[in-house]
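Trainee: So the sequence lines, in the order shown, correspond to chains A and B.
According to numbering that gives the first Met the number 0, the first sequence holds residues 0 to 451 in order.
According to numbering that gives the first Met the number 0, the second sequence holds residues 0 to 451 in order.
Take the hints with a grain of salt, since some may be wrong.
No copy is singled out in the list; a pair is fine if it fits within one copy or between any two copies.
Stated by the list, open to error - Here are the simulated lysine-lysine pairs, BS3-like style, with alpha carbons at most 30 angstroms apart:
1) 29 <-> 134
2) 402 <-> 312
3) 12 <-> 402
4) 278 <-> 312
5) 334 <-> 312
6) 170 <-> 257
7) 12 <-> 334
8) 97 <-> 312
9) 12 <-> 312
10) 97 <-> 383
11) 334 <-> 134
12) 170 <-> 312
Read the hints as simulated data drawn from the structure, not as lab findings.
Number of protein chains: 2
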Amino acid sequence: MPVTEYLHQNREKSVAELNELLRIPSVSAKSEHRADTAAAAEWLATRMRDIGLTTVDVIPTAGHPVVLGEWRGAAGAPTLLVYGHYDVQPPEPLDEWKSPPFEPTVRDGKLFARGSVDDKGQVYLHLKAVEAHLKTNGSLPVNVVFCIEGEEEVGSPHLAEFLTANAARLKCDAVMISDTTMFAPGLPSITIGLRGLAYMEVRVQGPSTDLHSGAYGGAVVNPANALARILAQLHDAHGRVTVPGFYDRVQPIADQEKRTIAGLPFQEETLREEVGAPKLGGEAGYSPLERLWVRPTLDVNGLLSGYTGEGAKTVLPAKAMAKVSMRLVPDQDYKEIERAFTGYVQSLAPEGVTVEVEALHGGQPWYAAPSGPVFEAARRALAKGFGREPVTIREGGSIPIVKAFEDTLHAPVVLIGFGLPGENAHAPNEWMSLDNFHRGAEAIAALYDELR
Amino acid sequence: MPVTEYLHQNREKSVAELNELLRIPSVSAKSEHRADTAAAAEWLATRMRDIGLTTVDVIPTAGHPVVLGEWRGAAGAPTLLVYGHYDVQPPEPLDEWKSPPFEPTVRDGKLFARGSVDDKGQVYLHLKAVEAHLKTNGSLPVNVVFCIEGEEEVGSPHLAEFLTANAARLKCDAVMISDTTMFAPGLPSITIGLRGLAYMEVRVQGPSTDLHSGAYGGAVVNPANALARILAQLHDAHGRVTVPGFYDRVQPIADQEKRTIAGLPFQEETLREEVGAPKLGGEAGYSPLERLWVRPTLDVNGLLSGYTGEGAKTVLPAKAMAKVSMRLVPDQDYKEIERAFTGYVQSLAPEGVTVEVEALHGGQPWYAAPSGPVFEAARRALAKGFGREPVTIREGGSIPIVKAFEDTLHAPVVLIGFGLPGENAHAPNEWMSLDNFHRGAEAIAALYDELR
């Protein structure tokens, strides 16, 4: 029986198995779910053994364990490492769920449950692809290693350390991650870029305590006014960031990618409606998708000063604070950007206040050229699974662990997502398309053949 | 026995009486002190009867009562209305008081108690001045009406209505208020100006909900960035307010007042140390006291947007809010300024966000030319009481009730304060200088003679 036929015949059983995993509330952020995260890890390990992986271990970390499963019977063939996570976001607010978050329910071809698409469903379709090969052929065309962690939703605090400590066992030729979304229903997508991040806090201090704005207003430099002036100077009139050197390392968009982006089924009005703003905006000279994917940006994430309650309080605040983050693109370096931002903001500080700048969080941008044997194999496999040539896309956000895999394992990373826009990851009523779950498993099964 | 001699001999007794009043915790803001505010009103009424006022009433309002006391035996002589308040600020935080707030304690010539200077001590010295005249001469050289309210510390919500309803009974030739401070110890001061206020809230709305700054940053106009740009455009590089027409009605400083201000014992460095800022600032071309007293200003009083907790959260905020207040000087009109501000801020709103502006609170500036018979009488009386020519000063803050008296009773208002800098009104360890209490009573007793 061909592999595809096996997957087709087992569709109902596959969903029933996934539902067992979805019923385990493996919320990594909450200590009361510690037994549940452990149970989810054990469930995955048991399934890995059942389908025929040869070495399966649940390896403890300082936090939740990592499940490692290996099949290395294809001597001389490449090795593919599949990374994913079995932990889920907290389900709250509960009363906004149409069906309970840990009782998987199908409506309209969508499997509703916390973790369905992020990331249990996307992990399990890889297991099913392996199972289909092993049950029908008794072997896989390539070597496969699963590395499924339990702390992705809390920032993967122990994963980099784990990768370093287990680098020999994790040795591979490519890393595959299915934790992203397709650009549109029916349109398979390979994510080739992620933006980096430099997240800063700016603190302006004026007088030593809050003052009465009547008694002192006019003779004391107001830190909230000063902060507003600083922030206003971080963009020019064309929406470009004015931090010196900010664009020095920014790679221009390749003509090929510009054409690819322009050819995607995207309507500006649909995005505008989705965000509910009166109009979209951004850096002059770029389309919305270019602004989101290939251009760096600077956003105020938070502002706080003085009196913010109801009504009027005539306070001249002692201090004002802003959180400001910059999304970065290749080849910007977040450490360089942090330094440039700090120096520039300090240079904008008026007399009469002191300004402190602190870097809170940072990560490098990531880009993988859409070429090479693994990319080509993925492209062909997705075309088989979905009956349509895949597109290459980027994401505006950051997935810091991608760089950690590249840097520690020295292998290329391929991001193939089977989520869909509007899938409510991290929100109530999360769902995964069952069609994507099944087609995804078929595409991954085909990928093993393509990689041989 | 001369009036001054009577006051001198009764100094200890006067303080003992004032202490009785200070022991009553007449906190108007707290309903559990309702009986106390009533008791303070009754105590005052009893004292007024004791010293010989002919008509004394405790008149209920929708809030705390007003104590009215009259002596109108000086046919043909002018009538002086004394306004003050018997309610006090809450004493909290209690643990910062060196002696309990409602147990009056003398240290170093200062009478420490909540309400000592604001305003019970300043009210009671007027009663002592009247008593001195009535006990020594059996009569007053002028007619006197006391109007002492119990809601000043909660914004005098019922006083304007009370003045209108009782205008006939309150008819007078001048209103005297002792609820301000002298410029320096030993330097009697007449306050001739107060700034007005236009207090606004600016609300900027971008997307309909908070967005992920990675997924959407760069293509959506950020309301916090937009707010910063709006606020930054409210001043020019010289610290002048850019709201169109803002300065149209501002009266230039008279040469005489400029000289008066320049002659006051003021050190810029002392003010800088007091506020604890690295440097003072403000509108170019004016001294600190000019900036505080005779120039209008614009201050951000509060800022709020997005994530303001610890650490990093990559939110693109749906909205951003600022509270902005302008201190006004004669002849600015707060209603005009509210309209000009609203129109200007709306004109600064970039595409991609909507901006709402709301006026929260307003009051007119006030100025009384330092001339006329009442001012001259006060000047001579203060010189007698303190042995030194008084100075004319202004305050940067607002006392809205001053305009209400002028407008309702059509009489000039004279502000003679006996407080001192650092007296901690509204703060723990409030005190009044006993020397000012006694000299103040003597000055007011002399004022009655001067007004005859």
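Trainee: All the hints need checking, so say for each whether the structure fits it.
Mentor: Structure-based check of each hint:
For a Cα distance limit of 30 angstroms, the shortest separation of residue 29 from residue 134 qualifies neither inside one copy, at 38 angstroms, nor across copies, at 78 angstroms. Within a single copy, residue 402 and residue 312 get their C-alpha atoms only as close as 48 angstroms, which misses the 30 angstroms cut-off; across copies the closest is 20 angstroms, which meets it. Taking the shortest Cα distances, residue 12 and residue 402 never come within 30 angstroms of each other, neither inside one copy (36 angstroms) nor across copies (82 angstroms). Proximity of residue 278 and residue 312 under a CA criterion of 30 angstroms is satisfied inter-copy only: 24 angstroms between copies versus 33 angstroms inside one chain copy.
Proximity of residue 334 to residue 312 under the C-alpha cut-off of 30 angstroms is restricted to the inter-copy arrangement: shortest distance 19 angstroms between copies versus 40 angstroms within a copy. For the homomeric pair residue 170 and residue 257, neither the shortest alpha-carbon distance inside one copy (35 angstroms) nor that between copies (81 angstroms) is at most 30 angstroms. Proximity of residue 12 to residue 334 under the C-alpha cut-off of 30 angstroms is found in neither arrangement, the shortest distances being 49 angstroms within a copy and 73 angstroms between copies. For the identical chains of this complex, residue 97 and residue 312 are inter-copy neighbours only, at 28 angstroms across copies versus 43 angstroms inside a copy, given an alpha-carbon limit of 30 angstroms.
Proximity of residue 12 and residue 312 under a CA criterion of 30 angstroms is satisfied in neither setting, with 64 angstroms inside one chain copy and 40 angstroms between copies. In this assembly of identical chains, residue 97 and residue 383 lie within 30 angstroms of each other by CA distance neither inside one copy nor across copies; the values are 35 angstroms within and 82 angstroms between. For the homomeric pair residue 334 and residue 134, neither the shortest alpha-carbon distance inside one copy (49 angstroms) nor that between copies (82 angstroms) is at most 30 angstroms. Taking identical chains as interchangeable, the C-alpha atoms of residue 170 and residue 312 are never at most 30 angstroms apart, the minima being 62 angstroms within one chain and 34 angstroms between chains.
The structure fails hints 1, 3, 6, 7, 9, 10, 11 and 12 (numbered hints given earlier, in ascending order).
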